[in-house]
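Chains as they are written, first to last, in the working numbering: chain D, 1 to 748; chain C, 1 to 336.
Be aware that one or more of the hints could be misleading.
[Unchecked claim] Quick list of simulated restraints, FRET-style, between CB atoms:
1) Ala148/C to Val63/D: 24 to 30 Å
2) Lys414/D to Ala228/C: 31 to 37 Å
3) His587/D to Tyr6/C: 36 to 42 Å
4) Pro74/D to Thr279/C: 53 to 59 Å
Calculated directly from the structure, the hints in this document are not laboratory data. All C-beta atoms in this analysis are idealised placements derived from N, C-alpha and C, irrespective of residue type, glycine included.
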Amino acid sequence: MSAARGSNPVGAPETPKVLGGKLPRIDGPLKVTGRAVYTSDIALPGMLFAIPVRSTIARGRIVSIDANAARKLPGVKAVYHRGNIKAFFRTAPPKGFSGLIDEKRPPFEDDEVRYYGQYVAVAVAQTMEQAKAAADAVRVQYAAAAHNVGKQLGADKPMKVESERGDADKAFASAPVKVDQVYITPTEVHNPIELHATVASWEKGHVTLYETSQAILNHQDVLHQMLGVPVENVRVITHFLGSGFGGKLWPWTHSILAAGVAREVGAPVKLVVSRQSMFEAVGHRPRTQQHFRLGATPEGKLVSLSHEYLNQTSELDDYKEDCGEATPFMYSVPNLRVASALSRGNIGTPTAMRGPGAVPGLFAMESAMDELAIALKMDPIELRKRNEPTQDESNKLPFSSRHLLECMQVGAEKFGWAQRDPAVGAMKRDGLTIGWGVAACSWGAMRSDAQASVEITREGTAIVKTATQDVGTGTYTVLAIIVAEATGIAIDRVDVQLGDTRLPMGPISGGSWVTASVIPAVSNAARDAVKALLGMATSGPNPAFKGAKPEDLQLVDGRVKRKGEASSGVALGDVLARANVRSAIGHGKSATTMGGAESRKYSLHSYGAQFAEVTWHPQTARLRVSRFTSVIDAGRMLNPKPARNQIEGAVVMGIGMALLEESRYDQRYGAPINSNLADYMVSTNADAPPIDVTFLDYPDLVLNEMGARGVGEIGLAGTAAAITAAVYHATGVRVRELPVRIEDLLGA
Amino acid sequence: MERFQYTRARTIPEAIGIGAQATTAQQGAPVRFLAGGTTLVDLMKLNVEHPTRLVDINHLALNAIEHMPDGGLRIGALVRNAALAHDATVMKDYRVLSEALLSGASAQLRNVATTGGNLLQRTRCMYFRNTAMACNKREPGSGCSAIAGDNRSLAILGTSPQCIATNPSDMNVALAALDATVQVQGSKGERTIPFRDFHLLPGDTPHRETVLEPGDLVTHVTLAAPRAGATSRYLKLRDRASYEFALASAAVIVEVSGGRFGNVSIAMGGIGTKPWRMTAAEQALAGAPVDEATIVRAAKLALADAKPQSENGFKVELAQRCLAHALRLATGMAAS
Ligand SMILES: Cc1cc2nc3c(=O)[nH]c(=O)nc-3n(C[C@H](O)[C@H](O)[C@H](O)COP(=O)(O)OP(=O)(O)OC[C@H]3O[C@@H](n4cnc5c(N)ncnc54)[C@H](O)[C@@H]3O)c2cc1C
Ligand code: SF4
């Protein structure tokens, strides 16, 4: 698959017109006019509303549930709990990308409460307000037990080594220059603006689920298992997502409840998760505590790197935040050890959040690198140069495409890094102190299995189908571009169909894989359709180009033409009409890189450099990010406009991670206490500075024929480390526990 | 579902008459006036407030900003925060008020929030807003969860062992500095309440936040004529650039002549259980030279009685810096 480009793409147009262009989203008008139907907009005839009852203790046992008063309220159909609902099953261990669920215990499996906000019952009524009133009226008695939502993490088992070479401890002990620090990232919550929601509707043993899912096929697989019905009886539909950031990858308990309740009441049921529950029961990025030790020579050559870390997880589930993902290959170092363990608490089960592992991991590593550069009195970019590896030292594989130093260099030029005075507080502007910081970043480039079909119709349109999702990142648009490019059909005549489990198998919308995964499948399918069409144009009954060979023809602007001829050719629809065929259908596939040939031969990652400027007003302790430059090496850019938007959005999120975001737990109640968007602070528009995004645009042809990787996560990686480095430069305060707060800086 | 009756009041007496049927005008009042609804409806959704009757006052003729013969302003209780902030006279003569309003909430909220509603907005203490947790303000006698809990944003002045919640309003801070008066009509007629007497300290009755009695309708807020030659500023410090309540804020109105402070009015927000007038600092400044040492000394003095909570010790220093810088801005010692 790798170097397939140029190996005879039959009939592909010669000059890409749309690829690499700056095409706006094809679904943009639908969204800005409010016509895009999101899951919580779905209204079915006879639909009821479900509102869960949330536990108000963090650990203990349910002693009794009294729903009598609730049942008598107006409009209430039923209140379900463990005692009166058909039990749900657990899923079998996952295989590949199916059967994945982070919170494995089905709702109502037992009477044990493991975290605050766990669903203990659910009220169903004719309106949402009635259901809410009923849920509030359910009286639950608990036998509370001591809970742990503490901030200090402790390993539940000895650390497990993830990657090791040489002897990191020994090399560290004798290293002339050292950094030895603990870095902490807090619990962060995805908080997409669209709440999680499920609308479940049963008919004759079949259930249709309108979902907020970033992975509909997995959702189908999990739900069929948990509901105990055949897989073909579950259909999952997600047409539009108001983002997810990973929180909507795997099913959560509310979805299973909605389906179970709809089965019980015999009517469609809508369940929209409240903002408060978004902090409790649909995952979060767990708190991490990372001990980093770097040893180096006075010349700045790393001799030892040790990264030992813990992440918090729930009592029952082993969610691992893979902070060590990038550590083993980022820099050249002969002695390295990465090890980790879990720390348990009475919290909801964590889940992947934008750049899982790498984002908190790189905050720690890049902070440590910055501290090392300061200890060495060396420019931090120079330090990275001196430790640039020639291969992935963890597995001795060549990099498929790595341009980290070029990212640094281009970023330095764009940012004006040469003007930097490294002394703390030395740079001033308009009465403010300026701080500059830089950090490197990386994110794995992967591809998963995907299938797609493309149909060229008599009307001269193309229909592309694949069961993936558009999280809001522009998947609809990218697929339309690919099909338009491969078929010569105008982009507004390409109908992209996604988000339905009845479509050909598509990838999850996670890990920035969608683009890399569906591109080969869709372009293969498009070419396959073109091949079928050109076959009909040249042979069979009544061909339009009798005697011509398919290779002599090309598709331009919805017409088939002979190459090199000026004639206007024949409309696609006419080719099909002459053959008396309804449409030309092509199928395409792409294979996963995970465990595949590429991953055994190459180290596949995207890279980037993040440059932050902060302004610091010492009199009022006011700190703001004033400028940001991000240079990203993420393969070829298929549509730079949404890609840029992904990086900008990630930087804005990174500002939140660095300076604002933290889900705080009340130690006595065991509850996330700032569980709303006023008290859990994310960046506002006013916090977003000018952001300069550059893509290096080197195609990664190992990954796919177009050389494209995804850009969903990489922009967030490294951002917080660049900002805390800038904070140090401005104030002299090194903040190792995020977020940076005013009280951390008052001493500066 | 909590059912309530909705009445659109056509006249002030009608509104007052319905309001007077309630037993209290404080937390838990069974009758509530509905203005912009941005505090009230929010708290009803959270089950913190459950009035059985809402009296919509939006159609009363209380939405004018009138120029008074004495040179002052009379602001109708229904004047929206945005309209007040952008009023030409307010921007020119009462800059501190305009700046305070514009630093609050968001443009959308300011478009509906009213002067009367802002005056009476409730605390943002997270425990007050969460009915699963103990709170003396919401349920007298249940205990205060904030004292040993998450109190980073709460008060360091005017607290009691029963409650440490801040009055979160920015507008109120400016009105306190401006010595505004609140005009009220109730079943016993009209009265005028000096701003500093309007809000109550929590003491043993944190559910009582103002002196209002059942049926009392705030009709106007009145400002005296602007002091000739005075400059006024509002400075708000917070974690993010917008859409956040103050961690500390200062409203200052200063007169300066011959390098010395004349009359100075100071009120602070984000740190007190009510909008906090800084009389000691005001007195220390009056007549003193306009210089860095004076300002810093006054700022220290202002916070001398502060009692930090477990998580907000930084507010003492932050508030001092806030006041000092507001004074620098108002005196031209600093430009930004
Ligand atoms: C997300 C968010 C962020 C915010 N941020 C800020 C901020 O940064 N700074 C800030 O200062 N404020 C902020 N606010 C608060 C906002 O300013 C207030 O909600 C608003 O001013 C209340 O005005 P209203 O007209 O909507 O009041 P309503 O909700 O209608 O009324 C509030 C209370 O006052 C009573 N009332 C209203 N009018 C009268 C009257 N004439 N006479 C007697 N009683 C009356 C009502 O009965 C009710 O009890 C924020 C609010 C929200 C929701
Ligand atoms: S500080 Fe006041 S409002 Fe907050 S919990 Fe305590 S009593 Fe309630």
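Against the structure, the hints come out as follows:
1. For Ala148/C and Val63/D, the hinted distance range of 24 to 30 Å is satisfied, since their beta carbons lie about 27 Å from each other.
2. Separation of Lys414/D from Ala228/C is about 52 Å and departs from the stated range, judged on CB atoms against 31 to 37 Å.
3. A hinted range of 36 to 42 Å is violated for the C-beta pair His587/D and Tyr6/C, which are about 60 Å apart.
4. A C-beta distance of roughly 55 Å is found between Pro74/D and Thr279/C, which places it inside the suggested range of 53 to 59 Å.
The structure shown violates the earlier hints numbered 2, 3.
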